[in-house]
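If you're matching them up, the sequences are chains A and W in order.
Counting in my numbering, the first sequence runs from 1 upward without gaps.
Counting in my numbering, the second sequence runs from 1 upward without gaps.
Straight-line alpha carbon distances no greater than 35 Å define the calculated DSBU-like cross-link-like pairs of lysine-lysine that follow:
1) 194/W <-> 636/A
2) 314/W <-> 175/W
3) 314/W <-> 242/W
4) 194/W <-> 628/A
A few chain A residues that don't get close to chain W, going by computed Cβ distances all over 10 Å:
5) 282
6) 288
7) 404
8) 509
Don't read these hints as lab results, they were simulated from the structure.
C-beta atoms are modelled at their ideal positions from N, C-alpha and C, and glycine is treated no differently.
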Amino acid sequence: MPKKMRPNGEVHMPNLESSLLRLAGPLAAGVLLGLLPPAHAQDLAPLSESEFLNDVPIVLSVSRMPQRLDETPGSVTLLDRAMIRATGARDVADLLRFVPGFEVSSSFESNAPQASYHVSLKDYSNRVQVMVDGRSVYSPFLLGSTGPGLQAVALDDIERIEVIRGTNAAAYGARAFLGMINIVTRDTIDTMGTTAHLALGDSGIQDTLVRVGWGDDRARFRLTADQRADSGLEGAGGRDRVNRFNFRGTVQATDRDRLDVRAGQSLIVAGVGVEGSSGNGLRNRSIDTSFFQVDWGRILNMNEDLAFQYSHMNESVQDQVPNTTFTDVLMSRSGHASSDMLMAQHTVRLNPGLRWIWGAELRQERIVSRILYDTDAALETNFYRVFFNAEWHIVPSLVLNAGSMLERNSVSGDTASPRTMLNWHLVPGQTLRYGVSKAYRPPSTFENFSNLVYRSASLAAAGIPGGEYVDFHSHGGLAPESVVSREIGYLGSFDSVRMDLDVRLFDETITNIIEEKKEANGYTKYFANIPGGNKSELNVPLNIHGAEFQLKWRPWQDGQWTAGYLWIDNGRLYPRKPSTSFSLMFTQRVAPGIHLSLMRSHTDAVPEMPNEGVPGPAVDRTDLRLAKDLRWGSRKGEVSLVLQNLGPSYPDYDPNFRFVRQAYVMLRLEH
Amino acid sequence: MLWHGLSFRLACLCLWLGCGLPLWAHAGQVPVLIVSAERNAAFAEAAEVFIDELERGGVPRGNVQYLTLAEARNSAARGGQLVLALGVEATTEMARNETRAPVLSAFVPSQSFDLIVRSNPRKGVSPLSAIYLNQPVGRQLDLIQLALPQRAQVGVLLGSYSIAQVPLLEDERRKRSMGLTQVQIDGNESMFSKLQTLLDGSQVLLALPDPQVYNSRSLQNILLSTLRAGVPVVSFSPAYVKAGALVAIYSTPAQVGLQSAQLARAVLQGKELAPPQYPREFWIDVNASLARSMNLDIDAQTLTERLKRLELRK
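If we strip away everything but chain W, and leave its shape as in the complex, we get (with noise of 0.2 Å):
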């Protein structure tokens, strides 16, 4: 996992959370309820985070129960007021599942979310949200432009999973008069020359999450290529820009565990859960070196501040 590692602080809490466990076991029905598939440090970090926020809010540790999935099925806790579900397969069971607080889903990205809530309809039952993982596609063209004023051709490697985004894209490049250069991977054939052709016509990759196009194995060649052609690959992880993207746009978990409680909180406090949405918060990884061999004079904390501005005056 890539979260800034785990800081000792995260650490203990893992500990502390899983010592709990026993005791809440039986307890049935706490306020709060967060649930995940599996306890990795990015969600660790994010319930962290969601839980000092509401005990900040006035709301103490002991109302908030964090559970695997595994765990919440053997144990009678329901959330009484509200369901965190951090991850796509736990928000897919929380959408199944007949509790009757309202659930926020975090870790997910939009387009799974809307696929979960179109196989879910869940009517009469409680209300469903979320805060996206993905971040949205013009912060993200905004990014390039502002990282990389001269290049207003972007290209995009679409699969399955990325090209229901078409769509969205076109509309908000056209709104910045910027273009689009996109290639579709289809799964049973080489991507080698359609990544050619693609890059011969863009100024910048725009990598959007995809399992068919970015993968273990074909992200060396995809790098690589877009190295040789001279071409910048802009990321949604952090983990491409230490692999070789030029800089990549997301949320931490921290910045998702606090957009979460403040959610949570309104609903504590009686009023209604919010509609999904994008996160606020998010940072900007640069691959400094990439950055200097390109000769951009980019850096993360400046290009944040300055997409930030660009967000508040709009």
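The shape of chain A in the complex, shown without the other chains (with noise of 0.2 Å):
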């Protein structure tokens, strides 16, 4: 179904009183050219009644009419512009702190700060789709990862964030095999004018945005370049930065016709490895992805429209490592991968209870890497999807959301993958769900084709076989992994108190995960597919069962607490023992333009940090935000101050990655 949701109406309304100290000015001003007649006034022409009887385009066709949050197949975390700049979060990996479920990292030591759902960040980011724009910014290179596509927009150009928590195989195929990270960016009308920030602070901070906005009614454009950049996390290895262009531009073609182009390019300059390891050595790795593309929307009538997109994808990995055991052993993880991609979809509504989404989508990706496949062949993925999903309100307390995703993946064969979502509205503001959905993570083109061999003399005489130390070498044959998801969910609405509940009782069934395994020889990887995955009973399918809570309270005016919780046994604990985690953030405007914001996080000790099989701590973290806003003419701003982790340091993806505490100064200007 269409994506776009909102909460509750009446959630993001401005109360009474706010806005008319905010409009104090604009209200004034109304006023007295109210009392004025127009100069020019008597040169006008009558209204003709032609202005109310004439038709006008319609706008809001049916795949723009937003999809409310308790009728979604799903739970869904909304992650607004208001919110996101309350966090004071420096990127959206940061940001997915606040919802539960998340684990998140800031380290750039694997590629770049990522995010898992439910599975440790140990076991990689790739079991969650991550799109901008309609578009999958899932990285497909090595094992597949969220960490280069929640870098690929500047933070200021997104709207919302959709968080859904659960399978999305459904609407989105294989890889939104648990959960989905939808970035919206905002419309090129609301960013119309020139932005500008400067951020500095301590480990190195120096975040920079230029956006440029223009254009009309018909056509409209935005240009933004932005830059985040710090020393990054203590003992890691070095200065990681990000520079990014995004271009976006929008065409009113016809009445009906919509185009919007959009390119860009993502460069992510890390600093990894460890000095002095041979073979992980200090270097800079670089991420460089860009992209083009350009979609068109067509509105049928009032409730038919179609979409199109084409998308091309480049990413360019280069990492050298260096290696002071075997001088002569090129270790290298680069390469490069591409992806075009080619989507129609066609949204019906037949009348006002049903309404219906079903299209096609080619998908091509291509990696080629010499040193990660030992061949400078093209190694090609081809997916092939038919999708439909139906949101069908029975009766007007009961929506059932059904559909279904078939794939042909020309490595890993076809898969389906339906989902059914019942959500009943017991009475108005109290929703119960309920739904079973399936999903397929194919597996990776290096799980499935690694063969990653060093060849050198200094290693023939260190006495490896013929000089090939031969490091990951797959099998082939990989089964995808299949995951079947069951939820219960609760969504209350309590206007008497101003508070909004949501829970999620989730428990999904992984089978056939893959995990990487080494042959006889002690040190050569493959990857098998095992039932399941549960480290002490590997034969049994791997269950992850929990709970998870999201409140939005309101308790006074301009003042709002969002809490997030998550308890969950994910299985891969030895013996099992559930975790949980937490995130509570306190939002109040404590005087005309002055906002204050507190975070606070907590997750419980794991067994293993992702970077070094060692048992990680508990970690809590306190962040500070408070901001003034600017204005001065035409002309508004905002300063802020941010304090991140305001409690001792701790660490991040790696037992020697320490997130220290660190305060940086915003200024923002727009015109």
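Mind docking these for me? Both chains are given alone in their own frames, and the hints should help you get the complex.
Take a look at the structure:
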């Protein structure tokens, strides 16, 4: 179904008093203007009856009609612009700390700060899909990752982030395996004019942004260039820098046709590795991602529209690893991935109670890496997808969302990912949801075809047979991982106490999980499907179950509490031990134009840290942000102070990488 | 045209009126003359109801003639007892015309009618009156209070056509303890940032007819921006509801035709032409999909009935 969702319309409504306060200026000016007849009023022709009688083009067609949060086929956490700004977060990964179920890291060690849902970052973050404006930014290189995609756009260009907690493969196919992060950038109409910001602070923080938006009713454009830079986690490999530019052009070609063109590039240069390590020496790794995307939307009538999308993406990884022991061995993880995607979809509303979306998608991914695959040939994977999803109001209080994605993967075969979700409005504002869905994650190219061989004379001299050290050698023929996900949800809206509550009880059973294994020689690694994934009982399907809570409470004027809580038993621990995490955020306008936010998050101790298989401690982090609006004439801006991790430093990703207390000041100007 | 489609009956009427013209072209004076600049579906439907209603009151169909302005200019036909002018162009021409019969105007916005009256004093000639096309501002605000009781802060985007309505709006919103946020659009500058400012400080946007503000170029951006901001639009035209406004209040051509006939009948019975007035009957359209997505439990029928009851009590 259409992915535009808004919370209950009342939630974001400014209350009367604050509106009046904020609008005192324009209001007074307006009244004055109203009392004075416009100078040229007499020159106007009389207002014609055609203003009342003529047809106007349809704007909110069926697919633009938002879906209510209590009717979506799954739990959704919505991070809107106000919340994004109030957190003081510098990238999307850091924001996801406020979504129950997510584990995040600020480390660039693996590729870029990443996020995983319900499974540890140790298991990579490849079981969550990331989309930006309908384009998958999931990195297919190596094992697959959310990292580079989460860095695809400047935080300031984001309108909202919809995090679908739970399988969403029925709508978006493989990779939306356990969840999906859907980033929606701001419409070009909302970013007209010039915006600039500069943030400087501890840990070498140097974030900058310049954005220019121009155009008119028919055609509007935006160009954003920005940088996110700091000296990295304490103890990590050095300075991390993300430089991006993103262009978006929107052309209202006719009353019914809208064309959106997007293009951009992001360059992630990260200091990784460990000084003196023979196989993981200090170095800079770069991930250079560029893309082009064109969307064409056509409104057929009030109840039908069509959408077409083409996108192309290139990802180039440069990662030369210095080797101090075998100096003649070129250790590298470099390579190149590219993809092309073509999609068509048709949205139909048959009657007020039934709408559906169906369509098809062709996707081709190519990966070339001499070092990873021991070949110069491109390894190609084609995805052919057909999807159908319907939203049916069986009776006004009962909404059925049902659909499926049929997928043919040229490497791993055919799969069907169905989903059925029933939302029952017990009474207005109280909704129960129950659903079952199935999803697959096809093996990544690396998992299926890796052939990482180091060859050198020094290896032969060291006794490696033939001087060939085979680091990875896949056997091929991997089957996709599959998950059956069941959930019971509850959404409660308590208007009298201004509170919204979202509860999700989940049970996810993963089979055929793909695990890294070692050959008898003790060092060559390969990947294999194992029926389960439980470290102690590998033949039992991996079962993840638990509960997530999300609460929004506005107890008093201009103040809001947001809380998230997770209790999970993800079956990866031995002996099994459930763990919890929570986040709490409080925002308050303390005086006219002055905003305070206070954030606290906690994750339990972990048995294995992502980079090293050693236990990690419980982590608590407290952040504070204080911001003041600036306004002079038609210009406005904001100055803010952000304090991150007020408590002691904590290890992030690796026991030796520490997130230390840091502060930064940001100045933001708009004209 | 959007008025509920052309019924077969209506289509027949258009044909009949069209075919009937040559017979009447030299008929000279008829008691009642209907004129409009063009024959569109809305005018034709109003004319049909008007004629039917007069017939029910004992005025033979043959006593009513419907001509376009061009036809009227070329014929000797004059309304002996009453002229019903449909639309701004016909009203303007009839106001300038030296016709002896009273002129009742319909399908004319109140501000246009005032302008026409101001520029054509018609001193010593026959009376001129109107049933306005627009709804009274108070009725629109009452609708907002009924449909969106939580939303008391009303935003208006003003252009040169609509700014004159502000004093009236101020009066009416004060009576109802509602807030008013207003932003004036200057034709020479972009409305983007002003629209954003308005939406930041409004809970509902009341659209006032003004081609400088609402036109086919701007409507797309206005409606999409209101959707993003979660600010529903209350409009004056059912076409806007189809396009993406939440609700519209308007009078149908049939309602206009009926009210015109009732005023006309009084004149034909020798009474004076009633003063200019707003439409008595109205209809409400609700964009049901949008209402549902905004979690609003409203429907057109109930809202119309509740608003009528409210007006009866006043």
